[in-house]
Amino acid sequence: MKSFEYATPRTVDEAVEQLAEQWGETEVLAGGTDLVTCLKQGLTAPKRVVSLKAVKDLKGISSTKGALTIGAMTTMGELAGNAGVQKHFPSLATAVKNIASPQLLSTGTVGGDLCQRPRCWYYRNGYGLLAQQDGKSLVTAGDNRYHAIFGNAGKAKFVSASSLGPPLIALGATIKTSSREIAADKFFQTPKSENERETVLNPNEIITAISVPLSGAENATYEIRHRQGLDWPYVTASVAKTNGGTKVVLGHVAPTPWIVAGNDAAQGAKPLSGNGYKVKMVKTAVKRALAAASNGASN
Amino acid sequence: MATAAWPGKKDRSLIGKSITRQDGPVKATGRAKYSYDLNPPGLLWAKPATSPHAHAKLVSIDTKKAEALPGVKGVWKDTDLIGEEVRYIGQIIACVAAESEEIATEAVALVEAKYEVLEHQVIDNDPKFATGRASEQEVGKVADGFAEADVTIEGDYGVPVITHCCMEPHGQVTEVRGGELYAWPSTQNVSRWADRLNDSVGIDRAKMHVDCQYMGGGFGSKFTYDKWGVIGTLLAKQTGRPVKLLLDRDLELAIAGNRPSGYTHIKLGVKNDGAITAFEGSVVGTGGGGGYRLRAFPYVFEPKNRKTTMKGIRTNRGGQRAWRAPSHPQTCLLTFSALEDAAAKIGMDAAAFYKKNLNLTARPDVYAEELDIAMKMIGYAEKAHLRTKLDAGPVKRGLGIAMHTWGGLGHGSECRVTINPDGSVKAEIGTQDLGTGARTVVSIIAAETLGLPLEAIDTRIGNNAYPASGGSGGSTTTGGISVSTRMAATDALNDLLGHAATKLGVAADKLEAKGGRIREMGNAAKSMSWADACKMLRTGSISKTGQNNRTEAQKAGLIDAGVGGVQIADVSVDTETGVVTLNEMAAVQDCGLIVNMKTCESQVFGGVIMGITSALFEEALYDPTTGRMLNADMEFYRIAGIKDVGTIKVHMMTGEEYEKRGIIGIGEPPVIAPAAAISNAVANAIGVRVPYLPLTPERVLNVLA
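So the sequence lines, in the order shown, correspond to chains A and B.
For the first sequence, counting from 1, position 110 maps to 110 in our numbering; every step adds exactly one.
For the second sequence, counting from 1, position 491 maps to 491 in our numbering; every step adds exactly one.
For the record, the hints were derived by calculation from the structure and aren't laboratory data.
Predicted model, so just to flag it, every value in this text is computed and none were measured.
Glycine included, every Cβ here is placed at the ideal spot set by N, Cα and C.
Possibly wrong hints are sitting among the right ones.
[Claimed, not checked] For each label pair, taking beta carbons as the anchor points, the in silico distance ranges come out as:
1) B:LEU38 - A:SER215: 29 to 39 Å
2) B:LYS643 - A:ASP264: 31 to 41 Å
3) A:ASP134 - B:PRO127: 21 to 31 Å
4) B:PRO624 - A:PRO102: 35 to 45 Å
[As the list claims (entries may be wrong)] Pulled from the structure, derived: some chain A residues nowhere near chain B, Cβ distances all over 12 Å:
5) ASP13
6) TRP23
7) VAL49
8) LYS53
9) GLU78
10) LYS87
11) GLN133
12) ALA141
13) ASP143
14) THR190
15) THR246
16) GLN267
Can you build the whole structure from these sequences, using the hints too?
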């Protein structure tokens, strides 16, 4: 880890002022469950780390005007334990519960979950976010069992690591930032170069809150993972059913949360050499999430 | 006169009972200090610089920039390696010692090395990469055996390279004061850790003081000082300061030892009644850059006609080390997969198939008894079904069986027992406690021998100043330390009985030590307290050293070798997700005379859990393009958690027939069979074999697709 300057702003404006306009010059510290690892592994070497711990008004969950508003610095544990969340949004509560680590739940934050970097092992081992070597993809030639089966035609083959992204998109949530409001389904992006990140946030922009409409949708998340305890999912499916129709959003299958367009969730899947099995998992997860939403029970 | 023979069942007050380990509280509360916890004043942190290439010629190492970084106090570089080849990513080429871990890490990044990159090879499961001559062995005539068979089955099976994944990484704290070395390594070999270290560091063996009170797992990977022991000592010598050099998790997994893989093609001939007539198996695998050979293949069942061939694949991966029951878990999986596939092919119940062929094992009676017990424990009669009769619905349940064997003769050991005039007793022995309960075993044996309560023994272990005891490998420790402690305590007691004899007016050979008293055998009226007897020593303590002479001890029935075990797994497989869930494991095990039932059973629990982990999760994954281990972390190198292991039921065989054999080691046996039993259970559940471990959801879905 390289030495860096540590800033503890008190307000959102102060925080934004401390942030640079270029990625990598500065980093935002929320719960630190991802950033500290990235710093230790040298995946980022910022000149300044801006902690949000002392910033007022970023914590807590409140109910207003037909929506639940979740502060960006609310911990994942607080989110899952909130009675309103449990009642209206079992898909969110389940997505958090499935992280299955008391330590991560008590430390990791809602905003941090949306901004965490991918777990691609080529990226984490220092080969870059897009894992290119001599103009070729290490992922395509190598072990891609956990990589994307959708949206992987470009250089990005990793999967979005966010647990909350899929249910928030399915529920029609809005991400509020220091400068604007972004619909959850417009928040994630697929980077085309090493200089881009996995969300549309600017380097000097922070999430302040998430607003989830109380639409009365039947909703659920189903997750398939290897270990029963702490583990990354293979595939998740979040669904929300309203009179207007059913929204299905998949997690861990594409560089962003993946919004299912038609009736067949697996349509358009383009598996790599070692992840064809995920197609079957997608079908299973969607089937079970839909069943859970109807029963009012997530897994 | 006390004799060394183990007391009979009615005369035992401690041996065989369930006794809580004495160092449990200090470990559970964090007061036990492991090597990583030691921070002597003036401590420097050392971090190694390593090769980023899987195969390259090392041209030069330049440490000038690292040396210039403020806070860096010592630098070592491997000058012998310059001009030579580095053979795997993570190979240590230099090391820096600095005032803090952060500075050391920053300095490592400043070490500049030049390489000429060479081609690497990390694939270990394709016979075309095998090099050298195959070792071939034939017993009987396989051709005749297959001619005799009604049915022949053929199958491919495999076990990947896995690591030891010790909770505490390799390494040590070292300090050189007045030309003497003080070392606190994490080791399973306290007495001999420093042997031959003086070749590299120029300090006499007699001036090396080694201490390891607590250690967080070795499993066969921590017998010697290793390259980091040499570097740590040289940096301590160079800087005059204590140096902490322990591996980070990524290096721990990539370079500190692993278990060789094994990929096989097996052909098995059976008669319609289940009798096995022939076995033929060819194996390839890797142990890294060195040689390769799996022993004990085929496993437990040895058909009269059998032929095996074995070929190694040299890879640019970290090297193999002994891993809890070397070779056995691999050959158990390979063999027992084929056995149950054969039973399924002829439509025979697996348990009946094994029973039919027990004559091909070394200990048919023991296996038969253990198999019956395991079947009762798991509810075999109610749950068992043939592979052709699968459960309806997406989640399917199945049972699988495997058996194992191990030696476990106690190792060479010396122990010194001292009885003091104030009645206190000290047992000193250069053994180590890997978390197995060895410390408590010494106390149990000494206390039982002297007729004292457990707490009366001041047991000292984990230091090479004490009488030397063997390394803890191969399930040899409990046997070794029990005999040496018994010998020393018996000798010391007989001396004390000599003093008491005069006072009590009873011949020494008619005296015994029981319940804190010295008394005439069978006559409690003629007795004196332990304290009073010891007072007669005045100022002269009794100090006796006892040995485990393995041959004599085995002849005398104090120790023995050779155990069997049977395990049955009950699993559920979700055929729509591929996830395997362990419902129950039944583990039945014999190991002769059990010293401490509680820690003995704990060894079986631990072994089964480690075996479950290898069945479901573990695999060292290497990238073909870069040659890097992709999952040198605990995120994708998965270890079973408490929710993954189901209910584990343990049954230890006891009774005169088993106990008369003396003490036999228990560390390795229980880890051997779980993976094979689980693989068989999965095949039984879904009707088709998942040929390669680990039994991941992707593998399950792929065979079902």
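Now for the hints, and whether the structure bears them out:
1. B:LEU38 - A:SER215: 29 to 39 Å: violated, 58 Å
2. B:LYS643 - A:ASP264: 31 to 41 Å: Given about 33 Å between the Cβ atoms, the range holds.
3. A:ASP134 - B:PRO127: 21 to 31 Å: holds, 29 Å
4. B:PRO624 - A:PRO102: 35 to 45 Å: At roughly 38 Å between Cβ atoms, PRO102 of chain A and PRO624 of chain B fall inside 35 to 45 Å, so the hint holds.
5. ASP13: holds, 32 Å
6. TRP23: holds, 21 Å
7. VAL49: Holds, because the least Cβ-Cβ distance between VAL49 of chain A and chain B comes to about 14 Å, which exceeds 12 Å.
8. LYS53: Consistent with the label, LYS53 of chain A stays out of reach of chain B, its closest Cβ about 21 Å off (over 12 Å).
9. GLU78: Holds, because the least Cβ-Cβ distance between GLU78 of chain A and chain B comes to about 23 Å, which exceeds 12 Å.
10. LYS87: holds, 27 Å
11. GLN133: violated, 7 Å
12. ALA141: Violated, since 5 Å does not exceed 12 Å.
13. ASP143: violated, 6 Å
14. THR190: Correct as stated: the minimum Cβ-Cβ distance to chain B is 22 Å, above 12 Å.
15. THR246: Answer for THR246 of chain A: holds, closest chain B Cβ roughly 20 Å.
16. GLN267: At roughly 18 Å from the nearest Cβ of chain B, GLN267 of chain A sits farther out than 12 Å, so the non-interface label holds.
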